[in-house]
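In case you want the letters, here they are:
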Amino acid sequence: EIQLQESGPGLVKPSQSLSLTCSVTGYTITSGYDWSWIRKFPGNKMEWMGYISYSGNTNYNPSLKSRISITRDTSKNQFFLQLNSVTTEDTATYYCARYYGYFDYWGQGVMVTVSS
Amino acid sequence: DIQMTQSPASLSASLGETVTIECRATKDIYSNLAWYQQKPGNSPQLLIYDTNNLTDGVPSRFSGSGSGTQYSLKINSLQSEDVASYFCQQYNNYPWTFGGGTKLELK
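Chains A and B, in that order, give the protein sequences. Quick note on numbering: the first sequence equals residues 18 to 133 in the working numbering. Quick note on numbering: the second sequence equals residues 574 to 680 in the working numbering.
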């Protein structure tokens with residue numbers, strides 16, 4: 018069974034960087050598909066942030082392009098999100114998900130609050 | 574970006590009732606639309622992809638339809654376990670975008 022699990026700090030200070038890890042089990046991230054980060058804001062708006070492909074290519078939402086980086090560690094079957102210069106508007110629940118046009122497997126999500 | 578306008582934002586219905594949720598795109602998305610169900614405390618679950626294809630295990634009371642810019646999710650004979658939020662998502666054009674969600678409650 019494919020499972021994704023996010024991990025990372027739940028509180029980040031404004032202007033700092035947000036770093037999250039998605040650990041994947043049941044599927045090797047280099048075997049196929051794209052591996053995405055999505056966030057859901059308070060009030061329910063959802064935003065696709067970007068992905069890293071099975072081959073290591075990345076694609077980011079232009080709204081975040083200057084602040085976001087998605088990388089991976091294939092030896093650990095993990096991929097990572099780094100979001101720089103965060104503000105309170107980055108407070109959200111962050112999900113990692115497998116992408117196949119649509120998102121067919123999701124992690125449980127991690128709530129991240131940006132606050133001093 | 575393609576904007577996805579989802580309606581209604583909230584919906585109250587009785588058990589056994591049929592409910593319809595709609596999504597309108599700002600341009601043609603050529604049926605590249607998915608629907609997700611999110612129950613409180615859980616992550617979104619894929620219900621329907623490519624407008625009308627049910628994911629394995631999704632009850633047949635769920636159905637999707639539409640084309641062009643107009644799409645809908647229909648739930649026949651509403652059950653208590655269908656209480657959730659529902660989101661549409663287009664994957665025809667980058668960046669992929671979501672509707673604002675519909676919160677479905679029991680009357």
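Bear in mind the hints are in silico, worked out from the structure with no lab data behind them. Glycine included, every Cβ here is placed at the ideal spot set by N, Cα and C. Check before you lean on any hint, since a few could be wrong.
In silico PhoX-like pairs for lysine-lysine, Cα to Cα no more than 20 angstroms straight-line [to be verified]:
(1) B:Lys600 - B:Lys676
(2) B:Lys676 - B:Lys647
(3) A:Lys62 - B:Lys612
(4) B:Lys680 - B:Lys612
(5) A:Lys62 - B:Lys680
(6) B:Lys680 - B:Lys647
Where chain B lies over chain A, by a calculated footprint (3+ residues, C-beta under 8 angstroms) [stated by the list, open to error]:
(7) 90-102
(8) 114-124
With the Cβ distance kept under 8 angstroms, some of the chain A side facing chain B (calculated, not the full set) [unchecked claim]:
(9) Asn76
(10) Pro79
(11) Ser83
Hints, verified against the model:
1. For the hint pairing Lys600 (chain B) with Lys676 (chain B), the CA-to-CA distance comes to about 25 angstroms; that exceeds 20 angstroms, so the pair is violated.
2. The straight-line distance between the Cα atoms of Lys676 (chain B) and Lys647 (chain B) is roughly 14 angstroms, inside the 20 angstroms bound, and the hint therefore holds.
3. Using a Cα cut-off of 20 angstroms, the hinted pair Lys62 (chain A) and Lys612 (chain B) holds, with the two alpha carbons roughly 15 angstroms apart.
4. At most 20 angstroms may separate the alpha-carbon atoms for a hinted pair to count; Lys680 (chain B) and Lys612 (chain B) meet this at roughly 17 angstroms.
5. Our distance criterion of 20 angstroms between C-alpha atoms is broken by Lys62 (chain A) and Lys680 (chain B), whose separation comes to about 25 angstroms.
6. Annotation: proposed proximity of Lys680 (chain B) to Lys647 (chain B) holds, straight-line Cα distance about 17 angstroms (limit 20 angstroms).
7. Beta-carbon proximity to chain B at under 8 angstroms applies to 0 residues in the stretch 90-102 of chain A; the threshold of 3 is not reached and the given coverage is violated.
8. Figure legend: the stretch 114-124 of chain A, annotated as covered by chain B; annotation consistent (6 residues with Cβ-Cβ distances under 8 angstroms, at least 3 required).
9. For Asn76 (chain A), the interface hint holds, since its Cβ comes within 8 angstroms of a Cβ in chain B; the closest pair sits about 7 angstroms apart.
10. Taking 8 angstroms as the C-beta cut-off, the interface hint given for Pro79 (chain A) holds, the closest approach to chain B being about 6 angstroms.
11. Hint status for Ser83 (chain A) relative to chain B: violated, with the closest Cβ pair at about 14 angstroms, above 8 angstroms.
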